[in-house]
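Engineer: The lines below spell out each chain.
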Amino acid sequence: MSDVLERVKKIVVENLDVDGDKVVESASFIDDLGADSLDLVELVMAFEEEFNIEIPDDVQESIRTVGDAVTHIKAHI
Amino acid sequence: MSDRRVVITGIGIVSPLAFGREATWERLIEGKSGAGRIDTFDPEDMPCKIAFQVPWKSGRGGGEADPHAFDPEAFVSSKEMRRIDEFILYAIAAADEAVEDSGWKPEDDEGQERTGVMIGSGIGGLESIYQTAVTLHENGPRKVSPFFIPSALINLASGQVSIRHKFKGPNHSVVTACATGAHAIGDSARLIKYGDADVMLAGGSEAVIGRIGIAGFCAAKAMSTNFNDTPEKASRPYDKDRDGFVMGEGAAILVLEEYEHAKARGAKIYAEVSGYGLTGDAYHITAPAEGAEGGYRAMKMALKHSGIDPTEIDYVNAHGTSTPKGDEGEAGAVERAFGDHAKNMSMSSTKSAVGHLLGAAGAIESAFCALAIRDQVMPPTLNLDNPSFETVLDLIPHKAKKGRVRAAMSNSFGFGGTNASLVLKEVK
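Keeping their order, the protein sequence lines are chains A and B. Take the first sequence: its position 21, counted from the start at 1, is 21 in UniProt numbering, and no numbers get skipped. Take the second sequence: its position 258, counted from the start at 1, is 258 in UniProt numbering, and no numbers get skipped.
If you're looking for bench data, these hints aren't it; they were derived computationally from the structure. Every value quoted in this text rests on a predicted model; they were computed, and no experiment measured them. A few of these clues could be false.
For lysine-lysine, the following DSSO-like pairs were computed, each having C-alpha atoms within a straight-line distance of at most 27 Å [to be verified]:
#: 1; chain 1: B; residue 1: Lys263; chain 2: B; residue 2: Lys166
#: 2; chain 1: B; residue 1: Lys79; chain 2: A; residue 2: Lys22
#: 3; chain 1: B; residue 1: Lys79; chain 2: A; residue 2: Lys10
#: 4; chain 1: B; residue 1: Lys343; chain 2: B; residue 2: Lys105
#: 5; chain 1: A; residue 1: Lys10; chain 2: B; residue 2: Lys143
#: 6; chain 1: A; residue 1: Lys74; chain 2: B; residue 2: Lys402
#: 7; chain 1: B; residue 1: Lys343; chain 2: B; residue 2: Lys268
#: 8; chain 1: B; residue 1: Lys402; chain 2: B; residue 2: Lys428
#: 9; chain 1: A; residue 1: Lys74; chain 2: A; residue 2: Lys22
Non-contacting residues of chain A with respect to chain B, defined by C-beta distances greater than 12 Å in every case (computed) [said to hold, decoys possible]:
#: 10; residue: Lys10
#: 11; residue: Glu48
#: 12; residue: Asp58
Distance ranges between label pairs, derived from CB positions [as the list claims (entries may be wrong)]:
#: 13; chain 1: B; residue 1: Arg265; chain 2: A; residue 2: Asp58; range: 52 to 60 Å
#: 14; chain 1: A; residue 1: Lys10; chain 2: B; residue 2: Asp71; range: 21 to 29 Å
#: 15; chain 1: B; residue 1: Lys263; chain 2: A; residue 2: Val24; range: 49 to 57 Å
#: 16; chain 1: B; residue 1: Glu110; chain 2: A; residue 2: Gly20; range: 56 to 64 Å
#: 17; chain 1: B; residue 1: Lys143; chain 2: A; residue 2: Val24; range: 25 to 33 Å
Using N, Cα and C, we set each Cβ at its ideal position, and we do this for glycine too.
Looking at chain A on its own, in the form it has when it is part of the complex (with noise of 0.2 Å):
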């Protein structure tokens, strides 16, 4: 479980092309780590590869910050 943040972080920095340091749980996708929608769209769908979930689209709009994300992958795997 204590690695979740960590691959959370890595795949990340691979989808968004950010400095790891950056990816803290604070941070918010769009307004700290540069991400638009669409690659909102696609750091979902590697989650859920990642940890092999389907996250809701429901649930997607909610996923705003790094720590919202390790958050629902928590509770769901």
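Start from chain A and add chain B according to the hints.
Structural biologist: Showing chain B alone in chain A's frame:
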């Protein structure tokens, strides 16, 4: 039409010979060929196993150890790469080179708003569509990338280039098969003449050397199949052993600019785009009309608009795809269009060296015409060992030819019976 004149002030090329305008041109004049066995997938089950691929720094397309290989990382990040089909990648790279060459990088609103983009493609993101169709079929809709549509849409080449350079003028795209690049240049020149823009990035891009693209053209019986073991011999326009075209890929983008605008900023000028003609065959979906009748009318129209005497045309860059029917028809139409002057003219098909770039063909061939005017040298028709017909035209077999090039014509004909002809002339 207004008296605004349109000139070429920048050229960018990504070709099967090399990345870059000068490296491509130099190798073309040296008589090099960019052909090889396809290495982006295993072509063993294809009737045609060869193509003219862009040499990549990664080694693909014979690019290993080539100092002029294409390096995508010099243009886009790995993040951007996933958002774009390769035809957009080639367009971005060629546009960057063209802009750099022209020196036109407006930072003010007016300059940006008076600069437009019209880059076309014959088939656009065909490979992305194919790959996504496989993903959809095997894994369902949730696995389809959000970037699939914007990576495949043909006008996204113009879109991406405009975003990159902040060009806010007309943003348009052409889709007329193998005449795309020529139509983009001709139509862009008219936008400038009409006053809608002062500068246009115009050209074409294509990247369909994948399983679906090769299989499709093979099924249409359009491609060469007799030279799989000798790829460099396969594209042989006008030669009696020709048996179909060989696919190429890449992009060519020209910076077109209103003459006074170019002069005022002291820009280097390659040539003037002085004539443009466009017609339809209304005949057959893939075969050209008898005697290239539609092409003939496009040439006549381009000559008329150019305002020059036809005897000033010294060089024709032919459509010349190396198909049995098309080549002779076009040569006959050129003889007819120029009459007595034909015997003084030279005509070559550079598809013998770079292959058929489909939607980028008209653009790269217009670029070659501009460079022929700049350097007063005409590129050769490779592999023309035994012409299949008699002609008074000098088809420039094997070796480039030095000679006076006052004006040049570039012909492009596409599936659907669409024809475009451009006249470029020197600016004194």
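Engineer: Compare the structure with each hint and give your call.
Structural biologist: Do the hints match the structure? See the list:
1. B:Lys263 - B:Lys166: holds (23 Å)
2. B:Lys79 - A:Lys22: It holds: about 17 Å lies between the C-alpha atoms, which stays within 27 Å.
3. B:Lys79 - A:Lys10: holds (14 Å)
4. B:Lys343 - B:Lys105: violated (44 Å)
5. A:Lys10 - B:Lys143: holds (20 Å)
6. A:Lys74 - B:Lys402: Distance ~72 Å between Lys74 (chain A) and Lys402 (chain B) Cα, so the pair is violated.
7. B:Lys343 - B:Lys268: With a Cα-Cα distance of about 33 Å, the restraint between Lys343 (chain B) and Lys268 (chain B) is violated, given a limit of 27 Å.
8. B:Lys402 - B:Lys428: Within the cut-off at roughly 20 Å; holds.
9. A:Lys74 - A:Lys22: holds (21 Å)
10. Lys10: holds (14 Å)
11. Glu48: For Glu48 (chain A), whose nearest Cβ neighbour in chain B is about 8 Å away, the distance does not exceed 12 Å, so it is violated.
12. Asp58: holds (14 Å)
13. B:Arg265 - A:Asp58: 52 to 60 Å: holds (55 Å)
14. A:Lys10 - B:Asp71: 21 to 29 Å: holds (26 Å)
15. B:Lys263 - A:Val24: 49 to 57 Å: holds (55 Å)
16. B:Glu110 - A:Gly20: 56 to 64 Å: Violated, at about 42 Å.
17. B:Lys143 - A:Val24: 25 to 33 Å: Holds, at about 29 Å.
Violated hints, listed in ascending order, are 4, 6, 7, 11 and 16; each of the other numbered hints is respected by the structure.
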